Each structure stands twice: as C-alpha cells, then as structure tokens.
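Enquirer: Residue strings, one per chain:
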Amino acid sequence: MARKSSRTDVSRRKFLAGVAMTGAATAVSATRGGNAATEVEAARPAATRPSTAAAQLEYATQSVSAPQGTLPGRPGSDFMVDVLKSLDIDFIFTNPASSCRGIHESIVTYGGNKRPELITCMHEESAVAMTHGYYKVAGKPAAALCHGTVGLQHAAMAVYNAWCDRAASIVMVGNRMDAATRRPGVPTLHAMQDPGSLIRDFTKWDDNPQSLQHLAESMVRAYKVTMTPPLEPVLMVLDEKLQEDAIDGGGGRLVIPKLSTVAPPAGDPNAVREAARLLAMADNPVIVVDRVARTAAGVTRLVELAEALNAPVIDQLGRMNMPNNHHLYQLGAGGLIERADVILGLELTDFWGTVNSADDSVEAAQAYRPKPGTRLISIGMGDLYLRANYQDFERYQPVDIAIGADAETTMPMLTEYVKQAIPSDRRAKIAERGDKARKAQAQARQAVLAQAAANAWDASPISSARLSAEIWQQIKHEHWALVSRDSSLSNWPHRLWTFDQHHQFIGGPGGAGIGYGLPAAVGAAFAHREAGDRLTVNIQNDGDSMYAPGALWTAAHHKVPMLTIMWNNRAYHQEIMHLQRMAGWRQRGIENPHIGTTIWDPYIDYGKLAEALGHVGIGPITDPKDLASAIKRGIDAVKRGEPVLIDVVTQPR
Amino acid sequence: MRNTLSLLAAAALSMIVCAAPLVRAAQSAGPTGDPVKGKATFERTGCWECHGHQGQGGVEGPRIAVPAPALPVMSRYVRNPRRNMPPYTQKVLSDQELADISAYLQSIPPAPDYTTVPLLSGKF
Numbered sequence: 001m002a003r004k005s006s007r008t009d010v011s012r013r014k015f016l017a018g019v020a021m022t023g024a025a026t027a028v029s030a031t032r033g034g035n036a037a038t039e040v041e042a043a044r045p046a047a048t049r050p051s052t053a054a055a056q057l058e059y060a061t062q063s064v065s066a067p068q069g070t071l072p073g074r075p076g077s078d079f080m081v082d083v084l085k086s087l088d089i090d091f092i093f094t095n096p097a098s099s100c101r102g103i104h105e106s107i108v109t110y111g112g113n114k115r116p117e118l119i120t121c122m123h124e125e126s127a128v129a130m131t132h133g134y135y136k137v138a139g140k141p142a143a144a145l146c147h148g149t150v151g152l153q154h155a156a157m158a159v160y161n162a163w164c165d166r167a168a169s170i171v172m173v174g175n176r177m178d179a180a181t182r183r184p185g186v187p188t189l190h191a192m193q194d195p196g197s198l199i200r201d202f203t204k205w206d207d208n209p210q211s212l213q214h215l216a217e218s219m220v221r222a223y224k225v226t227m228t229p230p231l232e233p234v235l236m237v238l239d240e241k242l243q244e245d246a247i248d249g250g251g252g253r254l255v256i257p258k259l260s261t262v263a264p265p266a267g268d269p270n271a272v273r274e275a276a277r278l279l280a281m282a283d284n285p286v287i288v289v290d291r292v293a294r295t296a297a298g299v300t301r302l303v304e305l306a307e308a309l310n311a312p313v314i315d316q317l318g319r320m321n322m323p324n325n326h327h328l329y330q331l332g333a334g335g336l337i338e339r340a341d342v343i344l345g346l347e348l349t350d351f352w353g354t355v356n357s358a359d360d361s362v363e364a365a366q367a368y369r370p371k372p373g374t375r376l377i378s379i380g381m382g383d384l385y386l387r388a389n390y391q392d393f394e395r396y397q398p399v400d401i402a403i404g405a406d407a408e409t410t411m412p413m414l415t416e417y418v419k420q421a422i423p424s425d426r427r428a429k430i431a432e433r434g435d436k437a438r439k440a441q442a443q444a445r446q447a448v449l450a451q452a453a454a455n456a457w458d459a460s461p462i463s464s465a466r467l468s469a470e471i472w473q474q475i476k477h478e479h480w481a482l483v484s485r486d487s488s489l490s491n492w493p494h495r496l497w498t499f500d501q502h503h504q505f506i507g508g509p510g511g512a513g514i515g516y517g518l519p520a521a522v523g524a525a526f527a528h529r530e531a532g533d534r535l536t537v538n539i540q541n542d543g544d545s546m547y548a549p550g551a552l553w554t555a556a557h558h559k560v561p562m563l564t565i566m567w568n569n570r571a572y573h574q575e576i577m578h579l580q581r582m583a584g585w586r587q588r589g590i591e592n593p594h595i596g597t598t599i600w601d602p603y604i605d606y607g608k609l610a611e612a613l614g615h616v617g618i619g620p621i622t623d624p625k626d627l628a629s630a631i632k633r634g635i636d637a638v639k640r641g642e643p644v645l646i647d648v649v650t651q652p653r
Numbered sequence: 001m002r003n004t005l006s007l008l009a010a011a012a013l014s015m016i017v018c019a020a021p022l023v024r025a026a027q028s029a030g031p032t033g034d035p036v037k038g039k040a041t042f043e044r045t046g047c048w049e050c051h052g053h054q055g056q057g058g059v060e061g062p063r064i065a066v067p068a069p070a071l072p073v074m075s076r077y078v079r080n081p082r083r084n085m086p087p088y089t090q091k092v093l094s095d096q097e098l099a100d101i102s103a104y105l106q107s108i109p110p111a112p113d114y115t116t117v118p119l120l121s122g123k124f
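Chains as they are written, first to last, in our numbering: chain A, 1 to 653; chain B, 1 to 124.
Treat the hints with care, as some may be off.
[To be verified] Derived list of chain B stretches under chain A, where covered just means 3 residues or more per stretch with a C-beta under 8 angstroms from a C-beta of chain A:
id	region
1	86 to 95
2	112 to 119
[As the list claims (entries may be wrong)] Chain B residues, not near chain A, derived (Cβ > 12 angstroms throughout):
id	residue
3	G30
4	T32
5	P35
6	E60
7	P67
8	A70
9	M74
10	R82
11	Q106
[Claimed, not checked] Chain A is faced by these chain B residues, among others (derived, beta-carbon under 8 angstroms):
id	residue
12	E43
13	R44
14	T45
15	G46
16	W48
17	G52
18	V59
19	V66
20	S107
Simulated from the structure, these hints should not be mistaken for laboratory data. If you're wondering where the values come from, they're calculated on a predicted model, not measured in any experiment. Even for Gly, the Cβ is constructed at its ideal location relative to N, Cα and C.
Take the sequences, apply the hints, and build the full model.
Expert: Here it is, written out as structure tokens:
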C-alpha cells in the first residue's frame, strides 16, 4: 500500500511564489500485486498528475506475465514522468536522442505529452536557452532534456548563460552508467562516468540517481535548489537503465516527496538598519540595480524604497526592475556615481565595474569614480554563493556594508528602516530631491525625443531610434512584451517605450554567450503564450540568430506566435570595434577590421530563411518609410497565431 | 551591461569635449576638405562603426553630426583620443583625409525638429 505524507492544500503556483510547504508525497507501490491490466488502462489519465491510487495501479502491472521480448511491467521512465508532473513542469525542451528514448516515449505516450509537453528543438544549446527565457517570464523552471556527452557538451554554453543570469533551469541528461549493459559503438561513446563534471562549475547542484526512489528525491531537490535564490541551473542524470528497465518490485515502494520551497534570506536587521541610517542621512544617495526584481513584487518594493529616499535608481537592465517612466528611474549613470555620497548596490553582478572605469586602451587606465568618503552598501546573494573557476563574480570591490541576502526580500525591511531613520528636519530636503527629479525627467524626455529625430531619422540603413519608434507606435496599445535586450539598439526601446510591467523585459543572456537571443526569445514566447493575450516582440541580433536559426522552426512547429524583427546590421560589430582598436594601437591596417567580422557577400535574406522555417517572412526592409506597413502586416499575422520575422537592414547600433 | 553604461558615460563626456568648442571654433588654416571624398573615407575607415553612417552616434560612440565638431577640435581628439577610442595618427589617416571627413560631417543637413515628426510628437 502506498505511504502518504502530510498534505497541504495550497495551489502549487502559490508554492512557487512563496514559502509554503508544497505538494504531497505521492506513493506508488512497486510490489508485485494482483491487479488486472484492464484496470490499469482505465486508470491512465495521462495528461494529469496521477492520484496515489491510480499510480498504485499503474505500477502494480508488473505482476502481469509479459510476452517474450516485452517489458515485464511498467518502465522506470513512466515513474520519472510522474515525478515531473508532480513538480508542475509544463515543458521539456529537447533534441531527440537515444540516451533519452525511454523517457521520451513515456512523456509522449504515458504522460499524454501534456504538462510536461515535449518541445522539439534543433540544438541542445537552444533547448537550455529556451528554458532560460521561459523561466524569466513564467517564474518557474522548465526542463531541458539532453543527449549524453555530446548533447550536454552542446548545452554547456547555454547553461553558463543561465548560471550568470541567475535563472532557474532543470537540465536533464541521458546516460548509462552500467558499462556491462551498454551497447557498443556510439552509445558507449556517448556515455560518461560523471556527466555532472562537464558543467559542474556552473550548475548549483547535480545528481546521478541509481534508483527510481533516489531519482524522485533528487528531482524534487533539484527543483527546490534551482528555485532558491540565487536561482541557478541544476543537472539531473537520467540513467538509461533506470528509464528502460521495468520498475523493480522487490517489495519496495516509490514515493514522490513533497516539494518544500525555501524562504529566501533577508538581511541581518542590524546591518540593514545601519544601511538605512546611511541612506537616510545622505545628501545624494544613489541606488544601482541589476537583477533585483526577481518577481513583480520586486518592482513595487524597489519603487517604494526609491520613493522613501527620493534617490535616483540606475538600472543596469538585468531584469525589468523599475518602470522606466518613473521620475527616479535612470538609464545610465550620467555623473550620479561621481556625485553620490552613498551608493546602494542591489543584486549587482559587477559592483567594481559600477564604481570604477577601465579604459580599453593601450594605457588601460583605471579610475575609482566616487568622490572620497562616499559610502558603499551592497545587498545581494553574490557574497553568499560563488565558485572559483569561471569569473562571473567579477572583480572584488570593497564596500562599507556588505549584506549577504536576497535584495528583493530585504527591501521592505530596508524601506521601513529608512522611513524610521529620516529625521523630521530632513524630510523637506528629501521631498525637494523628488521635485528636482521630476523636472529633470521632463527635460530629459525632450532631449531624448530631439536626439531621436536627429538620429539619422530617414537614413538607410535604418537607425535604431527610427526602428524603435516605429515599433512602439504599433505596440503601445497592445499587451506587449519585449523578449530581447536592446543594447544593440543603443537602448532606444528603453529610451522611447514605457516599460511598466515586470514581464515586459527579461534582461539579457547573463554570460554574454552568443546564440542565446533567438532560443531564449522563443522560450519566453512559450510562457507569454501560456499567459495569453500578449504580443511577444523579439528584436533579434542577426549574428546571434545564425548560431541557432533552428529555434525559428521550433516556434513555428509548436505554434508559438512571436514577432521577430531582425536587427540586421550585417556584421559582428562589437568585434569590428575590437579590431579597430588593435589597428589603432598598432597604427596599421585601419581599413581591414571588416575582414572576418562582416556578414556580407552574400547578404543573408532572413525573410526567406524564416519562411523556410515556417514563419511569415517579410523584408529585407531598407527604407524606413516601409517599416510601418511591414510591422503592421507582421502584427496582424502574429495576432492570427503565426510567428513572423521582419528583416530590417540597420545601422550598427 | 556595465560596459554599455560606461560607454554611454564616455559618449556623453566625449560629446561635451567635442561639442563645447563648436560655437567659438573657426576653421583654422589647413587642408580644405572634400565632402564626397570624406564620406568615402568615413565609410572606408569604419568611423561609422561607433558613430553611425550619418554621425548620429550611439551606445558605442558619441554623436558627431549634426552639429559636427570643427576640424581643429576633431583633429585634436582623433589624434589624441581618450577612453576607448583608438588613436588615428597621420601614419594611418592623413590631415587631408581628416579634413575630408570633417567636410562630410559638416555637410550633413540638420535634423528635423522632433515636434514636426509625427512618431515623436505623439504621446509616448
């Protein structure tokens, strides 16, 4: 009989957002019993999580005598699907592979290919990038299923991006540990002794379970680990033999443990109180944020903190942290770091780079930017968790108060302490800061618009300002979301559009690994499709897209509507600029940096490429006057449920 | 991200450096520029990579048109740049070529008033 653990009647979505204990253990008997196969068939509600009773019936079928050549009972991978269903995993992004054939078959047949649904990807790197983009919109992990060895090698860069970007992702890899049962040749070539070693430097946890019970416990733990700040990818090895063999009876029971989520740590109250005192007494406090808003609540909390101080907030665009039309919002530092007397960094990846300049010149000049006496405060998880090999922790920056804590969780306490710490005789001065910020924002808006007009408005190739304005004109009254970063467009979307919802921006790749953009956008678009009624916009770098164009096919195949606008500047311009520096430093060959860095001769026709991959393809658009009609046509098609790509030939930045 | 923001700051600084002397700067004695040749040189030597084909600027380099810096100001900066812009000495970019580039930038017509541009004058 099944064992049953305590059940908490709280919806799983609430568990994921909060700290409640979640789920209930599902116990399934592996004991050889006497239930009839017909009962099993009747009890197979494949698309939903099995009840304990139904699961018992499922696994009890091992008692049925099996014809020769057939499995004597339910396969282990069916149980793996039950575990995934218990965790509310909606999608498994995968490129099909022999080492995963057992669970693949269980997902699509036993599980009914619903929650989780198998999503066909054309590269494991794309599969993981899709989980990355998906998490940042859905707020919960999806899984990527990778082939042993070579598939995981393919996936590695995308895992690193997710690691650097503090994104939850459950990476699963097929592998056969038992060498005596491996098929020779390729299956053995693709087997590993320790799959986790391949990406262990940039995963938070991994395991290689050797029994189904072990797998159930580790999979639930993996979910818990990946969703605990700092959110990071995890790896689970799905042993081929466990997938394919019949569930071993032996009188044992399989139990899916309940998921308990972890309450993220808030800062030490004494340290937070001291930080609040410094901020409250500062004449020019500045807040700098990178990935502070893990959830929509983070946006609200940041606004409350900023308004308590009337302190400008410099957004480093790791997430949608703060509405960009707020009078305290700052895109770019604009001298604020130099004028500040207290700088509060919230979940910064790079505090050193925030307060230091470092020229990429022969002299390689470096300079500390704040004035003497400026106090630095950091709140974030970075001090609590780091690894040695990969340098994503950036350079060491001494600060006056370092609070190791989740900033989103800590902000309400900090805001309250700030309010308490402000003396009555400073309140007028702080209010005055807010008034000045409002006036400055209005002036800045005029300057931005004027610069947009000056920004090669009618030029061909098309300017970033013009393209951004043309898109905004047609999406501003929609429920839109941008699923790409906009640094290649000189941040014009952030300068011209109004971002005021958490899901409207998801930051960038984290690890700056190229090939993230298109698949992450598709993954995010899956989540937006599930949310319903959102117009997903992806402004896609051309060079990045050619790392993984197959992601377009995935979107088409799975009917994911998304408007991709190809930012087709026909080169790896960042690299051209590096080559220009080399040429300038060496005073030779300044006409050569285009060699090896441009995507000319032939130009890529992205409209045709997209059509071949199941999209509505439009373009190339070279005249800005043609943009409006092309974008309208694209949006109309997206609203019909079709994925669309508009190829726009653009200026470099 | 940090690099992008640093470059924005550098761009802003460079704009100040470049634009401030514009009003008072007069063309000093030196080679006369040819805007047609200047445009070709601007394209050939990749100035547009950071500054845009029309000198409009962007996240990687400041706006250098319109207004364009006077030739002496531009020459001084190009020969002895600061921050991330590499130097272009006479060995790789002659005074004549620099004058041509300056003439090209000076020839670019002024931008429209944003209030006359429908997409920019509406509600944002």
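Enquirer: Each hint: holds or not?
Expert: Evaluated hints:
1. As drawn, the region 86 to 95 of chain B meets chain A at 7 residues by the rule of a beta-carbon pair under 8 angstroms; at three or more, the given contact holds.
2. Closer than 8 angstroms: that is the beta-carbon criterion, and the region 112 to 119 of chain B has 5 residues meeting it against chain A, so the requirement of 3 holds.
3. Annotated as non-interface, B:G30 keeps its C-beta farther than 12 angstroms from every C-beta of chain A; the closest such distance is 21 angstroms.
4. Residue placement check: B:T32 keeps its beta carbon more than 12 angstroms from all beta carbons of chain A (closest about 23 angstroms).
5. Every C-beta of chain A lies more than 12 angstroms from that of B:P35, the closest at about 16 angstroms, which supports listing it as non-interface.
6. Annotated as non-interface, B:E60 brings its C-beta within 12 angstroms of a C-beta of chain A; the closest such distance is 5 angstroms.
7. Here B:P67 does not stay apart from chain A, with its beta-carbon only about 10 angstroms from theirs, under the 12 angstroms limit.
8. At roughly 18 angstroms, the least C-beta separation between B:A70 and chain A is larger than 12 angstroms, which holds for a residue marked as non-interface.
9. At the 12 angstroms boundary, the C-beta of B:M74 stays outside the reach of chain A, the nearest C-beta of that chain being 16 angstroms off.
10. Residue-level check failed: B:R82 sits 8 angstroms from the nearest beta carbon of chain A, not beyond 12 angstroms.
11. At the 12 angstroms boundary, the C-beta of B:Q106 stays outside the reach of chain A, the nearest C-beta of that chain being 15 angstroms off.
12. Taking 8 angstroms as the C-beta contact cut-off toward chain A, the hint placing B:E43 at the interface is violated, the least distance being around 10 angstroms.
13. At about 6 angstroms, the closest approach between the beta carbon of B:R44 and any beta carbon in chain A falls short of 8 angstroms, and the interface hint on this residue holds.
14. The interface hint given for B:T45 is met, as the beta carbon of that residue sits about 5 angstroms from the closest beta carbon of chain A, less than 8 angstroms.
15. Interface hint at B:G46: satisfied, since its Cβ lies 6 angstroms from the closest Cβ of chain A, which is below the 8 angstroms cut-off.
16. This hint holds: B:W48 has a C-beta 7 angstroms from the nearest C-beta of chain A, less than the 8 angstroms allowed.
17. Taking 8 angstroms as the C-beta cut-off, the interface hint given for B:G52 holds, the closest approach to chain A being about 5 angstroms.
18. With its C-beta approaching chain A no nearer than about 4 angstroms, B:V59 sits inside the 8 angstroms limit, and its interface hint holds.
19. Given the 8 angstroms rule on beta carbons, the hint for B:V66 holds: about 7 angstroms separates it from the nearest Cβ of chain A.
20. The beta carbon of B:S107 comes no nearer than 14 angstroms to any beta carbon in chain A, farther than 8 angstroms, and the hint placing it at the interface is violated.
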